[in-house]
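Trainee: Here are the chains, one letter per residue:
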Amino acid sequence: AAGVIQSPRHLIKEKRETATLKCYPIPRHDTVYWYQQGPGQDPQFLISFYEKMQSDKGSIPDRFSAQQFSDYHSELNMSSLELGDSALYFCASSLETNQETQYFGPGTRLLVL
Amino acid sequence: AQTVTQSQPEMSVQEAETVTLSCTYDTSESDYYLFWYKQPPSRQMILVIRQEAYKQQNATENRFSVNFQKAAKSFSLKISDSQLGDAAMYFCAYRSKYTDKLIFGTGTRLQVFP
Numbered sequence: 001a002a003g004v005i006q007s008p009r010h011l012i013k014e015k016r017e018t019a020t021l022k023c024y025p026i027p028r029h030d031t032v033y034w035y036q037q038g039p040g041q042d043p044q045f046l047i048s049f050y051e052k053m054q055s056d057k058g059s060i061p062d063r064f065s066a067q068q069f070s071d072y073h074s075e076l077n078m079s080s081l082e083l084g085d086s087a088l089y090f091c092a093s094s095l096e097t098n099q100e101t102q103y104f105g106p107g108t109r110l111l112v113l
Numbered sequence: 114a115q116t117v118t119q120s121q122p123e124m125s126v127q128e129a130e131t132v133t134l135s136c137t138y139d140t141s142e143s144d145y146y147l148f149w150y151k152q153p154p155s156r157q158m159i160l161v162i163r164q165e166a167y168k169q170q171n172a173t174e175n176r177f178s179v180n181f182q183k184a185a186k187s188f189s190l191k192i193s194d195s196q197l198g199d200a201a202m203y204f205c206a207y208r209s210k211y212t213d214k215l216i217f218g219t220g221t222r223l224q225v226f227p
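So the protein sequences, as listed, match chains A and B. Mapping of the first sequence onto the numbering used here: position 46 corresponds to residue 46, and the numbering continues sequentially without gaps. Mapping of the second sequence onto the numbering used here: position 96 corresponds to residue 209, and the numbering continues sequentially without gaps.
These are calculated hints, taken from the structure and not from any lab test. Note that the coordinates shown come from a computational prediction; the quantities given were computed from them, not determined experimentally. Treat the hints with caution; some may be incorrect.
As the list claims (entries may be wrong) - If you want the footprint, here are the derived chain B segments under chain A, 3+ residues with CB under 8 Å: (1) 155 to 166; (2) 207 to 216.
Stated by the list, open to error - Within a straight-line C-alpha distance of at most 20 Å, the following computed SDA-like cross-link-like pairs (lysine to any residue) qualify: (3) A/Lys-52 x B/Thr-212; (4) A/Lys-22 x A/His-10; (5) A/Lys-57 x B/Val-161; (6) B/Lys-168 x A/Thr-101; (7) B/Lys-183 x B/Thr-173.
Note that CB positions come from ideal geometry on N, CA and C, so glycine has one too.
The following block holds chain A by itself, in its conformation from the complex (with noise of 0.2 Å):
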């Protein structure tokens, strides 16, 4: 079965850039989800989306914004990068139908030196 997608798997940015990350959702999946997950922690929510709208709000700093695009993949956009904004940042989605079960991707790994 399809899995949600993200990408890049792998980021390395230095202080005080841009960071984009980007997720594709389960097929027909329309709330999409973002975590941030530090190292040895639980995750911790951000941000969620449902037909492109904002639906949810978590402890998401003012540097990083998100959307959701017409076809449903969300973007974190993270900017002014600091050391400790290195984590694993997760994507999830649900379907509006189940909307209750929230499916994680692998997962980007960003790494702030």
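Once you have looked at the hints, place chain B on chain A.
Mentor: Quick look at chain B alone, frame taken from chain A:
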């Protein structure tokens, strides 16, 4: 605010044996969802099992089952006939009916010995 607590940082089990991972949560809501996710060394987050709070019957998925005690706010995961491939970090997670976010516990690292 809701919280999820996993009091066992590490657990170990012998292959083919049974192990139970504990999870408690705190909420004032009556309608919510609970999940167990598995994170192997690849760091992929894999859904293991889910439970709707309004259902009294405990969820089961093959070798995985839960013991859901709503009054006690407890949601433990039982893994039967443990396999080497079950070795992973296991996260318990809570989702309110009214928000999108999953609230995770700190995880339990499960080791499986041959």
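Trainee: Run the structure past the numbered hints and jot down the numbers of the failing ones, going up.
Mentor: Structure breaks hint 5 only.
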